[in-house]
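Colleague: One letter stands for each residue in the lines below.
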Amino acid sequence: MSHDHIVMGQPNTAQKSLISTVVGFVISIVLTFIAFWLVEKHAMRIDDLYGLVSVLAVIQILVQLFFFLRLNSGMDGAWNIATLIFTVIVILIVVVGSLWIMYNLNYNMVH
Amino acid sequence: MSSQTATHQHGINSISTFGFWIFVLSDFILFATLFTSYVVLSPHTYGSIGVRQTAGLNYVFVQALLMLAACLTYGFGIFSMHRNQKGITQFWLLVTFLFGLGFTLMQWHVFSTLYSAGYTWHDSAFLSIFYTLLAAHWFHVIVGLLWTAIIFIQLFLQPLTTTMKTRLTCLGIFWVFLNIIWVVIFTVVYLMGAI
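In the order they appear, the protein sequences are chains A and B.
The opening position of the first sequence corresponds to residue 1 in my numbering, with each subsequent residue numbered one higher.
The opening position of the second sequence corresponds to residue 1 in my numbering, with each subsequent residue numbered one higher.
Simulated from the structure, these hints should not be mistaken for lab results.
Note that the structure is predicted; figures quoted are calculated from it, not measured.
For each residue, glycine too, the CB sits at the ideal point set by N, CA and C.
A portion of the hints provided could be inaccurate.
[As the list claims (entries may be wrong)] Some, not all, of what chain A presents toward chain B, calculated at C-beta under 7 Å: (1) THR21; (2) LEU49; (3) VAL94; (4) MET102.
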């Protein structure tokens with residue numbers, strides 16, 4: 001395969017990464033524009049707007065991780081994904097746990 | 001660990017890039033704690049300004065475009081690196097540097113305008129965490145700029161060796177990291193603040 005012939009293989013993988021970078025860039029621009037446009041126009045109910053803007057941000061993060069960094073490619077693909085999932089779990093515990101505690105404290109102080 | 005597993009098929013040390021990826025993940029956790037603090041503290045403005053008075057949405061949108069453009073041109077640089085075109089790689093590093101510099105100056109303008117108007121981090125819990133979060137990202141961008149400049153100069157002194165390609169790949173991961181943090185900042189701070 002291409003891995004044995006470095007001279008042949010390099011332009012091929014380079015081309016793939018170039019195409020995925022350009023595609024990721026275009027998708028990111030579109031997602032960013034939609035998010036700012038929705039907020040600027042107050043296009044829907046406030047609760048829906050919060051939800052949709054968050055979803056757009058999560059999609060853009062995934063696009064950048066997989067189109068710019070191409071995490072799933074190469075020999076370390078599985079390890080990259082495994083460490084990413086572990087980090088996401090740690091972040092969720094820290095963020096959700098802290099916010100839960102702080103809002104409960106706030107509630108107990110008021111009531 | 002044999003040398004075959006350590007050296008990637010593109011002439012890049014994949015153990016080093018994986019190690020740098022682990023560092024970037026730990027930096028994500030650092031920013032997660034700052035974002036949590038922001039969400040908890042941002043309603044407490046104590047009569048001082050809120051997030052709507054810090055920077056307009058159009059201004060933040062331009063900053064987002066600059067960060068994305070930097071990632072795109074860095075991707076062009078990585079493409080040239082894979083084809084062993086040193087001069088073109090340096091050209092794209094320079095373009096990335098200029099986009100990053102534009103972002104940095106715009107962010108400095110936000111800080112200096114607020115500060116000279118008397119809205120410092122002493123004013124309120126919101127302003128404390130606003131300066132902390134934004135400056136933490138800003139500082140990371142400045143480190144990215146210095147790193148880009150250093151690699152640009154190093155490429156005058158040596159060819160595209162495995163070491164240089166590994167450094168370029170790590171810096172690419174770092175630019176995407178900076179971009180992702182900015183996506184979360186414009187969503188959580190500016191867009192949700194403007195809703």
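Colleague: Could you run down the list of hints and mark each one as holding or not?
Modeller: Okay, the hints, checked on the actual structure:
For THR21(A), the interface hint holds, the least distance from its beta-carbon to any beta-carbon of chain B being 3 Å, beneath 7 Å. Nearest Cβ of chain B to the Cβ of LEU49(A): about 5 Å, under the 7 Å cut. The hint holds. The interface hint given for VAL94(A) is met, as the beta carbon of that residue sits about 6 Å from the closest beta carbon of chain B, less than 7 Å. About 5 Å separates the beta-carbon of MET102(A) from the nearest beta-carbon of chain B, less than 7 Å, and the hint is met.
Consistency with the previously given hints is maintained throughout, with no hint failing.
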